[in-house]
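Enquirer: What follows is the residue order along each chain.
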Amino acid sequence: MLVYLTRRILVLIPVWLGIITLTFLMRAIVPGDPVENMFFGKGGDPKVIQNIRVEMGLDRPLYEQYVKYLLDASHGDLGKSINTRRYVIDEIGDRYVKTIILALSSLAIALSVGLVLGILAALFKNTIIDTVMTVLALIGLSMPAFWLGLLFINLFAVQLRWISIVGPPDLAHLILPSLTLGLIYAAVLMRLVRSSLLEVLSQDYIRTAKSKGLAIRKVLTRHALKNALIPVITILGLQFGALLGGAFVVENVFVWPGLGQLIVRAIGQRDFPVIQGIVLLVSTTYVLVNLGVDVLYHQLDPRITQRKGAS
Amino acid sequence: MTENIKEPSAVRVESPGLSQVTTSQVGPGPGQKVVPRRLKSGRQRNFQDFARRLLRNRSAQVGLVLLVIVLGAAILAPLLAPFDPTLVNSPERLKPPSLQHFFGTDALGRDMFSRVLFGAQLTLQIGVIALSIAAFFGILIGLVTGYYGGLIDGLLMRLIDLLLAFPGILLALMIVSTLGPNLTNAMIAVGVSSIPGFARLVRGSVLSIREQEYVTAARAIGVSSPRILWKAILPNAMAPIIVLATLLFPDAVLVAASLSFIGLGAQPPSPEWGALLVDGRLYIQGASWLITFPGLAIFITIMGSNLLGNALRDVLDPHLRGR
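Listed in order, the protein sequences are those of chains D and W.
First residue of the first sequence: 1360, per the working numbering; consecutive thereafter.
First residue of the second sequence: 1216, per the working numbering; consecutive thereafter.
Rather than coming from a laboratory, the hints here were simulated on the basis of the structure.
Take these hints with a grain of salt, some might be off.
[Stated by the list, open to error] Here's a subset of chain D near chain W, in silico, CB distances under 8 Å, partners left out:
#	residue
1	Val1374
2	Leu1381
3	Ile1388
4	Val1389
5	Leu1500
6	Pro1503
7	Gly1604
8	Asn1611
9	Ile1622
10	Val1623
11	Ile1634
12	Val1638
13	Tyr1645
14	Val1646
Cβ atoms here follow ideal geometry from the backbone N, Cα and C, with glycine treated the same way.
With the hints as extra help, turn the sequences into a complete structure.
Expert: Structure, rendered in structure tokens:
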């Protein structure tokens, strides 16, 4: 296990270097000077512009900037926002937490809804329940998150008046965005759980468990689900990226003060240090989540370890 | 859509020597022994068989109907639209749906039905252009890396892996922030972020196809590598490519509409559906029709292509099932 973990972490280093390099290039290949671009049309004082350039190290050759960026980023120093002159890490820290909260609460909804419906669909395969679930999943998969969000706002805030549209980022204002995102990912999950469970249910050991007289509930919890959920967990890790991306969009529907709102504003203002900081932080999170999922997968499925050991 | 489906069989005819093998590879139809003289009828039968199986599929039927509606709206928009989609008519502002304005009017009195119809043109255009970018580069990278292997394979595939380390829409956001937020750049962004999918799929197919005897045979008689790639390998890798393209189309539409919705794609007054929703959300309290119809249009497009994509996958390439 330790060997495996070490190997996996070592593999992360080039990936992370690659991420930093692409993030750096993103700004470097933009034609023109980033500071001037920001002031474009607003006629900034050339002296001020020059000062900011020197402060940001933009007067140095590109390779020097790259090395500096690499070293700074590995220390968690993401530079200063061109727009607000605050440290990027201060700008994004709190918003990062907000985005993660949104993503995790959506994940919780997606898991509970997706698991229950997926299990139902598998148990009642080829019945009306299965058909209804399939149609629901299709609707969920085809639903743009921002549209579902708007429909929810229209229903719950405008028609029913249960909640105000804009408000502080508290629990009450977390419900609708996480419901929006959660229900959409529940659709993805439901289909996965269904197909994975159906495959497991057709295995010999399930027949054995049934034939020795175990209650169907026990067969399901003790034997089937344990095995059926392993592939689901892998996909969950991959889907976490989509979930973060979805959170970016949904934040803009519900005015949830996370990274999604900030990156849109920063792109509009061409505030590259902020954009780069967000990209770096989110992709690092994504890579780490996938590492976590891999390790978990490794732990949950003894077959993998044994196969590795045999070879 | 139907033109798309025909493509693989159309590509297959060009070189009789190679396509003979190809046809029998792809066409699983019963008792199809293709002899060069009967090649054409064999191919036709192959296509008819494919079309019949596709049309028998319930989800293909629904998907095709939905997509035909969208395609029809796009093509016939100038004929069907009762008003100029950009015509500002202040006295008629924010009118609910009626017989005169099927989808109501927006804050400037523009007819929403006409705007949604013209939006269909933009959406299909975005989807097709983005996918073409993704398919062109993805297929090229997949062919080269899969066939030649070695250093170039290692380098390009690491790059593809790296692109996959950026979650979903983030890569598109990065590209838009580099190029600047507008519709063209949004298409490029969506296209580039879909390259990895194509590249990996094509590379995988090439790896198995290049070991086939007919490729060895072609190489033995001295056919050049680019020609082998183009005439022998690509046509055989076409089925999964088409399936993937159909499955990625809704993603492309969705990401492009999302970009427009957050203000980084098509900009108002463009009638792009995502951009229409930006306008609509401002008036959500009094004019909910402004968000209902553009959203419904996106939903129908995505659902139609999802359904067709699933059906195509089942008919063309059962191996992809569950991916």
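Enquirer: Each hint needs a verdict: does it hold in this structure or not?
Expert: Going down the list of hints, with the structure as the test:
Restraint check, Val1374/D versus chain W: the minimum CB separation of about 6 Å is within 8 Å; hint holds. Checking Leu1381/D against chain W by beta carbon gives a least distance of about 6 Å; that is within 8 Å, so the hint holds. Evaluation of the Ile1388/D hint against chain W yields a held restraint, the C-beta minimum of about 6 Å falling below 8 Å. This hint holds: Val1389/D has a C-beta 6 Å from the nearest C-beta of chain W, less than the 8 Å allowed.
Interface hint status for Leu1500/D: upheld, as the beta-carbon distance to the closest one in chain W is roughly 6 Å, under 8 Å. A distance limit of 8 Å between C-beta atoms decides the matter here; for Pro1503/D the minimum to chain W is near 5 Å, and the interface restraint holds. The interface hint given for Gly1604/D is met, as the beta carbon of that residue sits about 3 Å from the closest beta carbon of chain W, less than 8 Å. For the restraint placing Asn1611/D at the interface with chain W, the shortest Cβ-Cβ distance is roughly 5 Å, inside the 8 Å limit, so the hint holds.
The closest approach between the C-beta of Ile1622/D and any C-beta of chain W is roughly 6 Å, which is under the 8 Å cut-off, so the hint is satisfied. Satisfaction of the interface hint for Val1623/D is found here, the shortest Cβ-Cβ separation to chain W being roughly 5 Å, below the 8 Å cut-off. Given hint, Ile1634/D at the interface with chain W, holds; its Cβ is 5 Å from that chain's nearest Cβ, closer than 8 Å. At its closest, the beta carbon of Val1638/D sits 6 Å from a beta carbon of chain W; the interface hint therefore holds under the 8 Å criterion.
Interface restraint check: Tyr1645/D against chain W, minimum CB-CB distance 5 Å, threshold 8 Å, status holds. A cut of 8 Å between beta carbons decides the hint on Val1646/D: the least distance to chain W is about 6 Å, and the hint holds.
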